[in-house]
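Visitor: Using the sequences provided together with the hints, build the complete structure.
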Amino acid sequence: EVHLVESGGGLVQPGGSLRLSCSASGFIFNNYAMHWVRQAPGKELEYISGVTPLGSSTYYRDSVKGRFTISRDNAKNTLYLQMSRLRAEDTALYYCAKDTEPFGELLFNCFDSWGRGTLVAVSS
Amino acid sequence: EIVLTQSPDFQSVTPKEKVTITCRASQSIGSHLHWYQQKPDQSPKLLIKYASQSLSGVPSRFSGSGSGTDFTLTINSLEAEDAATYYCHQGIALPHTFGQGTKLDIK
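Protein chains in written order, with the numbering used here: chain A, 1 to 124; chain B, 1 to 107.
Heads up, some of the hints might be wrong.
Residues of chain A clear of chain B, computed beta-carbon distances all greater than 10 Å [stated by the list, open to error]:
#, residue
1, Ile28
2, Asn31
3, His35
4, Tyr59
5, Lys76
6, Thr91
7, Asn109
8, Asp112
9, Gly115
Each computed BS3-like pair below joins lysine-lysine, with the alpha-carbon atoms no more than 25 Å apart [said to hold, decoys possible]:
#, chain 1, residue 1, chain 2, residue 2
10, A, Lys43, B, Lys39
11, B, Lys103, B, Lys16
12, B, Lys16, A, Lys43
13, A, Lys43, B, Lys45
14, B, Lys18, B, Lys39
15, B, Lys45, B, Lys103
16, B, Lys39, B, Lys103
17, A, Lys43, A, Lys65
18, B, Lys16, A, Lys65
19, B, Lys107, B, Lys16
20, B, Lys107, B, Lys39
Derived by calculation from the structure, the hints in this document are not laboratory data.
No residue lacks a Cβ here, since even glycine has one placed at the ideal position from N, Cα and C.
Guide: Now the structure itself:
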């Protein structure tokens, strides 16, 4: 059974940094593109970043480009999101999500497994 | 960025009713439209992929249709456990985008 467990969230001041982790099990991690999706309280889902199976390609939405860095350690079956220069509008529940099909790029796929999320709150 | 607009935003329905949720894309996305169910305090669950493909473990009362810019999620004979927010998602262009969600309340 696929399991995705996010961690690393917390309360941080504006301008601060956090590193989120997503520990994966139950599938061959290095065969799948992985993604981060966030959801502000009471709001819709927002895609923020993705990384291909071997880490060769990444994508960031404009609002986090230059501030967030996605990476993965396939030996540890772990996905990361390094977040810096955090803003109040980054406050959200951050989910990691797995592609449905293996060996995909960052497009033409959907997400068949999601973690429970880790909460990031940016406030002074 | 491709914008997905769902309707309605909210619907109050009774058990055994048939429910239809629509999702309109701002440009053609072929069949690259997926549907998720999110119950309160839970993560999203994939219901339908590529507009109409059903998934193992998803009740057969859930079905999807459409292509291009207009898509529909249908729930036949609604059950109380279907109370949730439903989102559409396109994966043909970056960034992936989601609809604003349709919240179903069961009377």
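Visitor: Could you run down the list of hints and mark each one as holding or not?
Guide: Results for each hint:
Remark: the non-interface label on A/Ile28 is consistent with the geometry, its nearest Cβ contact in chain B lying 19 Å away (cut-off 10 Å). Non-interface status of A/Asn31 relative to chain B is upheld: no Cβ of that chain comes within 10 Å, the nearest being about 18 Å off. Residue-level check failed: A/His35 sits 7 Å from the nearest beta carbon of chain B, not beyond 10 Å. Remark: the non-interface label on A/Tyr59 conflicts with the geometry, its nearest Cβ contact in chain B lying 5 Å away (cut-off 10 Å).
Every Cβ of chain B is farther than 10 Å from the Cβ of A/Lys76; the closest lies at roughly 22 Å, confirming the non-interface assignment. The Cβ of A/Thr91 lies farther than 10 Å from every Cβ of chain B, with a closest approach of about 17 Å, so its non-interface assignment holds. The beta carbon of A/Asn109 is not kept farther than 10 Å from every beta carbon of chain B, the shortest such distance being approximately 5 Å. Not every CB of chain B is more than 10 Å from the CB of A/Asp112 (nearest about 5 Å), against its label as outside the interface.
Listed as a non-interface residue, A/Gly115 fails to keep its Cβ farther than 10 Å from every Cβ of chain B; the least gap is roughly 6 Å. Between A/Lys43 and B/Lys39, the direct Cα distance comes to roughly 14 Å. Compliance with the 25 Å bound is thereby established for this hinted pair. A C-alpha spacing of about 17 Å is found between B/Lys103 and B/Lys16, which places the hinted pair at or below 25 Å, so the restraint holds. Between the alpha carbons of B/Lys16 and A/Lys43 the distance comes to roughly 28 Å, so the proposed pair goes past 25 Å and is violated.
Proximity of A/Lys43 to B/Lys45 is assessed by CA-CA distance (about 17 Å); at most 25 Å being required, the pair is judged to hold. Our distance criterion of 25 Å between C-alpha atoms is met by B/Lys18 and B/Lys39, whose separation comes to about 19 Å. Of the pairs offered as hints, the one joining B/Lys45 and B/Lys103 holds, with about 15 Å between alpha carbons and a cut-off of 25 Å not exceeded. Of the supplied pair hints, the one linking B/Lys39 and B/Lys103 holds, its CA atoms being roughly 10 Å apart against a limit of 25 Å.
Among the hinted pairs, A/Lys43 with A/Lys65 is consistent with the structure: their alpha-carbon atoms are about 21 Å apart, no more than 25 Å. With a C-alpha separation of about 46 Å, the suggested pairing of B/Lys16 with A/Lys65 is violated against the 25 Å cut-off. At most 25 Å may separate the alpha-carbon atoms for a hinted pair to count; B/Lys107 and B/Lys16 meet this at roughly 11 Å. Between the alpha carbons of B/Lys107 and B/Lys39 the distance comes to roughly 16 Å, so the proposed pair stays at or under 25 Å and holds.
In this structure, the hints that do not hold are numbers 3, 4, 7, 8, 9, 12 and 18, in rising order.
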